[in-house]
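In order, the protein sequences belong to chains U and R. Following numbering that gives the first Met the number 0, the numbering of the first sequence begins with 0 at its first residue and continues without gaps. Following numbering that gives the first Met the number 0, the numbering of the second sequence begins with 0 at its first residue and continues without gaps.
Wrong hints could be hidden among the right ones.
Heads up, simulated SDA-like pairs for lysine to any residue below, C-alpha to C-alpha not over 25 Å straight-line [stated by the list, open to error]: (1) U/54 / R/62; (2) U/198 / U/150; (3) U/54 / R/65.
For each label pair, taking beta carbons as the anchor points, the in silico distance ranges come out as [said to hold, decoys possible]: (4) R/166 / U/44: 31 to 39 Å; (5) R/28 / U/35: 52 to 60 Å; (6) U/185 / R/197: 33 to 41 Å; (7) R/415 / U/186: 36 to 44 Å; (8) R/60 / U/19: 52 to 60 Å; (9) R/419 / U/139: 24 to 32 Å; (10) R/58 / U/8: 25 to 33 Å; (11) U/130 / R/295: 53 to 61 Å; (12) R/391 / U/39: 34 to 42 Å; (13) R/166 / U/12: 17 to 25 Å; (14) R/166 / U/125: 50 to 58 Å.
The set of hints was computed from the structure by calculation and includes no laboratory data. All residues carry an ideal CB built from backbone N, CA and C; glycine is no exception.
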Amino acid sequence: MPRVTPMSPAPVRIAAAAICGGFGVLLARALLALPEDEAGLAPLIETNLEASGVKHPITAVLLNFRGYDTMLEIAVLVLATIGVLSLTVARPGTWAPVAEQADPVLSALARFLAPIMLVVAGYLLWAGEHAPGGAFQAGSVIGAAGVLLSLSGYARPVWVTRFALRAVIAGGFVAFLGVAIGVMSAGGALLEYPAGSAKTLIVLVETLLTISIGAILVSLFIASASPAEELRRRMEENR
Amino acid sequence: MAEWVTTHLPALVILVPLTAAPLAFLLGGTLARPIALLSALLSQPLALALAFTVSAEGGVRYEIGGWGGPLGIDLVADGLAATLILVATVVGLGVTVYAWGYFADRERYRYFWPLWLFLWASLYALFLSGDLFNLYVCLELVSMAAVALVGLSLRRDALLAAMRYMLAAILGSLFYLLGVALVYAAFGSIDIATVREAVRADVTGQAAFALMTVGLMLKTALFPLHFWLPPAHSNAPSPVSAVLSALVVKGSFYILVRMWVDVADPSFVPGSAALLGVLGASAIVWGSVQAMRQERLKMLVAYSTVAQIGYLFLLFPLVAGGGAAAADAWVGGMFHAASHALAKAAMFLAAGTVLARFGHDRIAGLGGLSRRAPVTAMAFALAGVTMMGLPPSGGFVAKWQMIRAALESGAWWWAVVVVAGGLLAAVYIFRVVALFLGREGAEGEDADVDAGRSPATMEWATLALALAALALGVLGQPLVELIGVGAPALVAGVGP
């Protein structure tokens, strides 16, 4: 039986509505008062695009001008995965497939779609250099392919020894960090790509990030789906 | 080599734990602890060197990627940042040594080490960040690591507290992010140095500051937004509790200080300083009264954190007028952040040893601890001295400076709050210390249970932190000077 949460008493609901309404008015006033001619950093980015090593401004910002932010964002993803793994009782590498008996239609479809999704991910990764795309989009497609495979019973991660799994999850971040520190030996600052090698290094970092992001998304899905029952049991034991 | 280290000092401070964290995750079980300890030891000279460099040069700026703000992201260290980094470094070493013994069950707590190193690196990154959006990323890192660490024991209460903490932390982050988006839309930059020049007190600017402040108040657990803190801080494993109370709440407070003292001043939104001060004073009273009523030691210490956070917010009304009073309040407020961090870490670590020895932390059953675990009992009492603000502790110096600032600016009522808070702290701390010194077995069979042994390193690490808090009062002059280095204009008045 689904539990029905009782409604909050009327005064609470009215107060909540008043707070949200007031917040909305404040936000609307702030937005309406925004200057219309504020160009932000766009001109500055335009000027420096040539030096960034890539042709698309968003990739230039994410991987070069503000690459430090992106590096820490990847750390957030790795951290989230470690957090989820810390809640799993089943050890990584011994996961059971999510769906024990796959639907034959679903599994045929997954077999057909998965390779295409990998090709799409590869294209998105490459496109990021001059058009919308890049590691996050490509990684998401790989992640989606992994989720599809696990739902259709293919994702029994027999190939995943515990170290290999950790290596794929953390590999993108470690590689990014390695490049960021490595370029310091050329005399520059942290993440200061030496002249001429920016494009090569950015493509290298993006490729490794794509693989890690895909693995992280699949791990988050599988790890948070299968051991929920076991976690609940463990919580009851530790009460 | 030495020159290279000096050039890249701000980056290296962050990079050491940031590199150690994924290594501890990859190499796992046996190697994680040595990696963490190595990182902790390497951080000590780096943090110290940063403090010296900041003192000598009046501040350090490091351009990541060589672009420079506002296009790139700069790391910026002034006296305030260097002070908090020093504090985080010392507390971090103490907690690492303690945790070495505490998490002896390596397999079960294998994820503690990478999570803790990520948290440590994120705190460094936060204190050094010169960019409003980068600060948001740092806040996310800090919260994500902290939430995972709270739930580490998988106990029901801990998981529920972690969930509530996560919801509060995410809501706080999103408020802050909304404010940052408005700042960028209105002033065209998120580089702090650029925003400082461009910021205007128009509707958008004020709304942005209000949003960011509400989010950060929630993350700092300022009364009445403190509801998530006591369960999260008391149900976490004790080394984690120590880091949360000592350092994590200071992270979001630090951004508030940057906003209201450095980027703008409290006149930016009229009434804001008084409001923050009143909430701070309420926190002192409410947190102390709740601490007196607790029956579990860790809950008592957690409510004490709610109260002590209140002092930090007295900073805003006290600096609002500028001049000598503001300079005194600046030193007092930051000195309080430092001494509270050391003392509160010691208190939570002591509570952790109590849990390990007795198997529970019900206050009524802790009679005679001073004979069972003398070092731990002494560490708790010494940390209490700082918490009450008695001489010669660091807490005394902090409160003294705040009272001076209040009297100088003619706002004597803040001085009353500071003194009253010290007295309230004395009530809840003496209650515990008197029990420690009292007879064993005050509650029958409880005192006979010796749940387990704990390594001596845990007790000595605790005592070292408590002594450091005490020593700040006697040997704190260099820190007072460091806090004033490159201080924002508002508080750079006549030195103390």
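Here's how the hints hold up against the structure:
Note on residue 54 of chain U and residue 62 of chain R: the hinted pairing holds, with a Cα-Cα distance of about 23 Å set against a maximum of 25 Å. In summary, the hint linking residue 198 of chain U to residue 150 of chain U is not supported, as the alpha carbons are separated by about 37 Å, beyond the 25 Å threshold. Only pairs whose Cα atoms come within 25 Å are accepted, and residue 54 of chain U paired with residue 65 of chain R is accepted, the gap being roughly 19 Å. A hinted range of 31 to 39 Å holds for the C-beta pair residue 166 of chain R and residue 44 of chain U, which are about 36 Å apart.
At roughly 58 Å, the beta carbons of residue 28 of chain R and residue 35 of chain U sit within the given window of 52 to 60 Å. Judged by the Cβ atoms, the range 33 to 41 Å given for residue 185 of chain U and residue 197 of chain R holds: they are separated by roughly 34 Å. Taken as a hint, the range 36 to 44 Å is violated for the pair residue 415 of chain R and residue 186 of chain U, whose Cβ atoms sit roughly 58 Å apart. At about 41 Å, the CB distance of residue 60 of chain R to residue 19 of chain U disagrees with the hint of 52 to 60 Å.
As the Cβ distance of residue 419 of chain R to residue 139 of chain U is approximately 55 Å, the hint placing it in 24 to 32 Å is violated. A hinted range of 25 to 33 Å is violated for the C-beta pair residue 58 of chain R and residue 8 of chain U, which are about 54 Å apart. Between residue 130 of chain U and residue 295 of chain R the beta carbons are some 58 Å apart, a value that agrees with the proposed interval 53 to 61 Å. Evaluation of the 34 to 42 Å hint for residue 391 of chain R and residue 39 of chain U yields a failure: the beta carbon distance comes to about 52 Å.
As the Cβ distance of residue 166 of chain R to residue 12 of chain U is approximately 20 Å, the hint placing it in 17 to 25 Å holds. One distance hint, 50 to 58 Å for the beta-carbon pair residue 166 of chain R and residue 125 of chain U, is violated here, with the actual separation near 39 Å.
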